[in-house]
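Kindly produce the complete structure, drawing on both the sequences and the hints.
As given, the protein sequences belong to chains Z and Y, one line each in that order. With full-length UniProt numbering, letter number 167 in the first sequence gets 167, and the count goes up by one each step, no holes. With full-length UniProt numbering, letter number 178 in the second sequence gets 178, and the count goes up by one each step, no holes.
It is worth saying that the hints were derived from the structure and are not from the lab. Each residue gets a CB set at the ideal place from its N, CA and C atoms; glycine is no exception. Fair warning: there could be bad hints in the mix.
[Said to hold, decoys possible] Reference excerpt, derived from the structure (chain Y facing chain Z, CB under 7 Å, subset only):
1. Arg240
2. Val343
3. Ser426
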Amino acid sequence: MIKIWSMKKNEEAAAKKKPKTSAAQIRVQKDLTELDLPPTMTTHFPVPTDLLNFTLTITPDEGMYQGGAFVFSFAINTNYPHDPPKVKCTQKIYHPNVDLEGNVCLNILREDWKPVLNLNSVMVGLQYLFLEPNADDPLNKEAAEELRKNREQFLYNVKQSMRGGHIKGMPFDKVTV
Amino acid sequence: MAAVDVQRVNGTSHVGDWPDRYYHVDQVLDRPGPRTDPSFMAGDGVKDFLRNQCKILVIGAGGLGCEILADLALSGFKDIHVIDMDTIDISNLNRQFLFRPKDVGKPKATVAAEYVMKRVPGTKVTPYYGKIQDKDDDYYMQFNLVICGLDSVEARRWINATLVNLVDPENPESLKPLIDGGTEGFKGQARVILPTVTSCYECSLDMLNKPTAFPICTIANTPRLPEHCIEWASVLEWPRVQGDKKMDTDDPEHIQWLYNIASARAKEFKIEGVTWQLTQGVVKNIIPAIASTNAIIAASCCNEAFKIATSSAAYLNNYFMLIGTDGVYSYTFEHEKRSDCPVCGGESLEVSVPRSWTVERLIEMLVEKQDIQIKKPSLSTATAQIYFQAPKQLEEVTRPNLEKLVSDLVPDGGDITVTASSLPFSLSLRITYV
Ligand SMILES: [Zn+2]
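Structure, rendered in structure tokens:
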């Protein structure tokens, strides 16, 4: 066998035996403990020892969704950060980029996810959807159509839905705080 | 099958080893060449090591694994172990040449092992039908070398982290070279990882080609490709209709359901090309496997294994890339170790702590330590949080631990993972009590 050990001895930082903590787990610890969130976003851990499943509540303090509290579930698998976190809106809301099942159209959650991104980037991206709903990437086509054609009506629909009202016969969850 | 004599062979012929069996291989083992390592001992010593002592583990007995097993056996490795958790599917037979139609349904590892032993007399192949995660450190410790021919990122990350963790500064035998092969259609790579010495698998995680993900809004609104319809069925319709029921991509009924939904969708949007096979391919993220790519990458991996085991020539430093999509292009470079790699990078410290110290005292000590410069560290063990600076809820939950004794939370010789914004990644502490 080739003598690798001698090379190792020359290494400046002869790494010590590392703990059995998984790379995903260390990464989630790092991401979470270094979250730099504005007061409009809070995390909640239903089981505090389980760092891989939690919720994020966004309470926008400006824009059309001001006055609502929007709750997203985060599920992180052991292949994080190779795989992005799975994020869903837990409420039925009226938003061009969120469908009625809670799926979210945010590029960094799917096609543009990279391991260098972190939970903070995802959370900031989610909040941005409430400040600047985007009619070009619709998941709720009717909402997007309304936003594009008639901003006033869209805003009215948003307020109506946030109070738990119906839009075109479809009931929405009450999300006002 | 002829009776095989497994007594010590010395590179020279004996029962089971016919005359000049290793004539060609011995050309490089009997005398040094211009690129041989200075430690190379030509002749019987190295042949004895290769043929009687060297124990090599092959992970994966699929497309790459079959090639690797054949190449190793034919180049003279005689004690080979193989792990694979899969059984043989009829679709494997076009390239996984150790398998025959009668083997369909049987474990790949077992069938591959039997085939190689029958075909290459004198070789002992020990199969394990199961997961790599079933095995512990003692198991991996018995090998001189590990070769991976896997198609799963997760399994690779696991074995990489396991071999990095296995390295014990007190024990040279604990450093197991890992040779990792991978193919994707006409592209492939082979690399040599010397755990803790060179860049590891995790170091290069961001270089990986990610499976193509389509924007969810395209899938929902403007499907143009058959793949968009299949993704619609699996990503949006499955959870909507099936609720919490987990999708099993190995279950033909689930694939059938997705296929039906995707076909209806395709019809609605006048898209052609949704087939049962494509449905399975998309949801299982199958990239067509090319036999020749597997052969090239496997050969490269085994070539490296041979050179490392014998010191007969310089080994790959450390990444070989093959791109066969437009002509044939290959490139070799040294992938650099990342100091912020969560597996092999980061700092590691031995810390002696009085048994009377609280967690708070330990944190104070860490913050005061000039040589590591950390602010606001968060601490955990492999199984529990000790103290988290944030988010607020976790800080509150872990705050009572500040007053507890470190020795009540961490055993003697136990590890603590420390993260802090000032650290590029993490720091691990090995705690001993005084
Ligand atoms: Zn690394």
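Starting from the hint list further up, note which numbers the structure goes against and sort them upward. The structure breaks none of the hints.
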